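Chains B and R are the protein sequences, given in the same order.
Position 207 (the first sequence) corresponds to 207 in my numbering; numbering is contiguous.
Position 76 (the second sequence) corresponds to 1076 in my numbering; numbering is contiguous.
Derived from the structure by calculation, the hints contain no laboratory data.
List of simulated lysine-lysine pairs, DSSO-like, C-alpha gap at most 27 Å:
id, chain 1, residue 1, chain 2, residue 2
1, R, K1018, B, K48
2, B, K141, R, K1163
3, B, K221, R, K1129
4, R, K1191, R, K1129
All values reported here derive from a predicted model rather than from experimental measurement.
The primary structure of each chain is shown beneath.
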Amino acid sequence: MIENMFPNVSWDRILEATNETLYMTAISVAVTFILGIALGLLLFLTSKGNIWENRMINGIISAFVNIFRSIPFIILIVLLIPFTMFIMQTMIGENAALPALIIGSAPFYARMVEIGLREIDKGVIEAARSMGAKTSTIIWKVLLPESMPALISGITVTAIALVGYTAMAGVIGAGGLGNLAYLEGFQRNRNDVTLVATIVVLLIVFIIQFIGDLITSKLDKR
Amino acid sequence: MITLSNVSKIFKSGLKAKDSIVAVDDISLTIDEGEIFGVIGYSGAGKSTLIRMLNGLETPSSGSVVVAGKEVSKIKGSSLRKARHEISMIFQHFNLLWSRTVRENIAFPLEITGLPKEERRQRVNELIKLVGLEGREDAYPSQLSGGQKQRVGIARALANNPKVLLCDEATSALDPQTTDSILELLVDINKRLGLTIVLITHEMHVIRKICNRVAVMEAGKVVEIGPVLNVFKNPEQPITKRFVQQVTEPEETKETVEHLLDRFPDGEVIQLTFVGESAENPLITQLIRNFKLDVNIVQGKISQTRDGSYGTLFIHIDGPAEEIDHALEFIKQQQVGVEVISND
Chain B
1 MIENMFPNVS
11 WDRILEATNE
21 TLYMTAISVA
31 VTFILGIALG
41 LLLFLTSKGN
51 IWENRMINGI
61 ISAFVNIFRS
71 IPFIILIVLL
81 IPFTMFIMQT
91 MIGENAALPA
101 LIIGSAPFYA
111 RMVEIGLREI
121 DKGVIEAARS
131 MGAKTSTIIW
141 KVLLPESMPA
151 LISGITVTAI
161 ALVGYTAMAG
171 VIGAGGLGNL
181 AYLEGFQRNR
191 NDVTLVATIV
201 VLLIVFIIQF
211 IGDLITSKLD
221 KR
Chain R
1001 MITLSNVSKI
1011 FKSGLKAKDS
1021 IVAVDDISLT
1031 IDEGEIFGVI
1041 GYSGAGKSTL
1051 IRMLNGLETP
1061 SSGSVVVAGK
1071 EVSKIKGSSL
1081 RKARHEISMI
1091 FQHFNLLWSR
1101 TVRENIAFPL
1111 EITGLPKEER
1121 RQRVNELIKL
1131 VGLEGREDAY
1141 PSQLSGGQKQ
1151 RVGIARALAN
1161 NPKVLLCDEA
1171 TSALDPQTTD
1181 SILELLVDIN
1191 KRLGLTIVLI
1201 THEMHVIRKI
1211 CNRVAVMEAG
1221 KVVEIGPVLN
1231 VFKNPEQPIT
1241 KRFVQQVTEP
1251 EETKETVEHL
1261 LDRFPDGEVI
1271 QLTFVGESAE
1281 NPLITQLIRN
1291 FKLDVNIVQG
1301 KISQTRDGSY
1311 GTLFIHIDGP
1321 AEEIDHALEF
1331 IKQQQVGVEV
1341 ISND
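Let's have the full structure, built from the sequences with the hints guiding it.
Below, the structure is given as structure tokens:
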């Protein structure tokens, strides 16, 4: 029955493409999470009235974040070709997409981290300081745990955006479901392939959202 | 235990001198070991800034702050952090970590000082018992009432056996009953552990209830300072009088007295102030027995301070003018404050 509905779909190819998409998403989400938190922390800590208040560093990071957040992703991939060639030695395949995916999403996530950190009650930070806590203790035991629900819901949104980015990266040769939908589906006019690829992408997005919401509600004790 | 010498704090908000705000203006005072010292003032008087200089959360623009033998205003980095283990603080809004349970919140300062896990567990159990939170160990702050949250705050502040406890409007967010139970806990801790307590508040009730000495702050300056009972007896500054009235006179007193002055054109309305033992003498009985006067009690209130009671009584007396003068003379001899309230 299914063969009749989707005559042109090769399920092996779908599975392979799904794996490629999941691989690109997983690696880039993991790196974005760490990089984004690091950047977000720096943005927060160097802002006015905070522990490492420093106008210059804050201005530089802020400008960097704003620039990379504003470049449309498809253009960013093209702009980053020399950089990708330099570190990955290739422009084809899933790994070649990673630098662009990470550089495109980490600044976006960093802003969300900063917003999450700003929502922490200033009094709690003051209380930790009054107890004689070091800055590293404040980061690990106050800032991160107290903003964790915001950090998780932020990375959920970012992960979903990343699934979309992998599809765009697919169009210019990175593999994955986007690549499949474009080359097999669009260019050969096989609409059933495009449809199946879309449904799989939707499933991935729903699952990410579900897991994100679940973790956020488990963590939030407010 | 605490010595402030010529401490000032100026916040600069702009480049020009007129843009800067003098939060604390040349304050010098000493607080003894084991004392409960209160600072009272309206918001903006500089008391928050003052208490934050005692643990180095603010650094004074000039002057020196010495707490438990360490010059807090000078030291920085790890020696300041170490000093803060001996000067802990509780807050108006409790400032607990919502992501941690009661037990974990209390353990937090012990994690900072690096106490081994097993000792930490024991110490937390002791503290939970001390502040009366048995059975709530695994609750999150969002599941606690205001009073319980402040108890966690107190337990957390006591974790590292501090020498000084700073209370930043610690009861201002609590209802009157809870306020009293927290104040009792503070007195208990002060007695049991010999802890020096500095508290800031805008409620005279708090000062009356637990403080030994009080400083009244206005516009960055200490305008009056002394033992609580003395300040109640002889408030000198207008602001101090207002604070004393908060607890000694019911709010409607002024209207009642004015109404009385209208109703009784004859005789005098008199305000009597009793302090310490005099508050317990049967003055009115003696007045009626010894003088040919009609005595009418209008309104009265007795407040208990830590070092004795303090009361005010409004009476209306009527009779021959000469007899009234004699009576006033007699009252003064009984070491009772007398003020004739006239209609103006």
